[in-house]
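From just these sequences and the hints, can you work out the full model?
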Amino acid sequence: MEFFKSFLDLLFFSLWIFVLVAFFMVLFRVIVDIFRDGDLGGFGKTLWLIAVLICPFLGVLIYLIARGKGMSRRDVEQAASVRAAQVEYTKGLMSEAGPASEIKAAKELLDSGAITAEEYEAIKAKALAK
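Heads up: the sequence shown begins at 0 in numbering that gives the first Met the number 0, then just goes up one per residue.
Hints are computed from structural coordinates only; laboratory data are not their basis.
With a straight-line cut-off of 30 Å between C-alpha atoms, the simulated DSSO-like cross-links for lysine-lysine are:
#1 Lys90 <-> Lys106
#2 Lys125 <-> Lys106
#3 Lys68 <-> Lys44
#4 Lys123 <-> Lys106
#5 Lys90 <-> Lys123
#6 Lys125 <-> Lys90
#7 Lys129 <-> Lys90
#8 Lys123 <-> Lys103
#9 Lys103 <-> Lys125
#10 Lys106 <-> Lys129
#11 Lys90 <-> Lys103
#12 Lys129 <-> Lys103
Written as structure tokens, this is what we have:
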């Protein structure tokens, strides 16, 4: 019977650790959102931060109830801006690849005098053969 009691104690201890870690994740998420919110003035940010730091559980709960929709809206906007930046970066990578870019680079080298016309034609033929 001792084994089962200690096993249940271990399970409850694991549950409380999980709850504590989850709470700290939400707490830090709320603190980051307080500073990220552009609509909230300095005085409002100070009051929310004091409320969250003095009484963490109640402060986080009230913040999530009062400003949860704005928090999710800011998350969606940030995800959209990250997605747009990724798409723009990928477009830049796609335009730099391929035979056309190799021929363009070889033409620039030919115009600058770094390579001869024969070398340019060889690079061009090699790029077009791909």
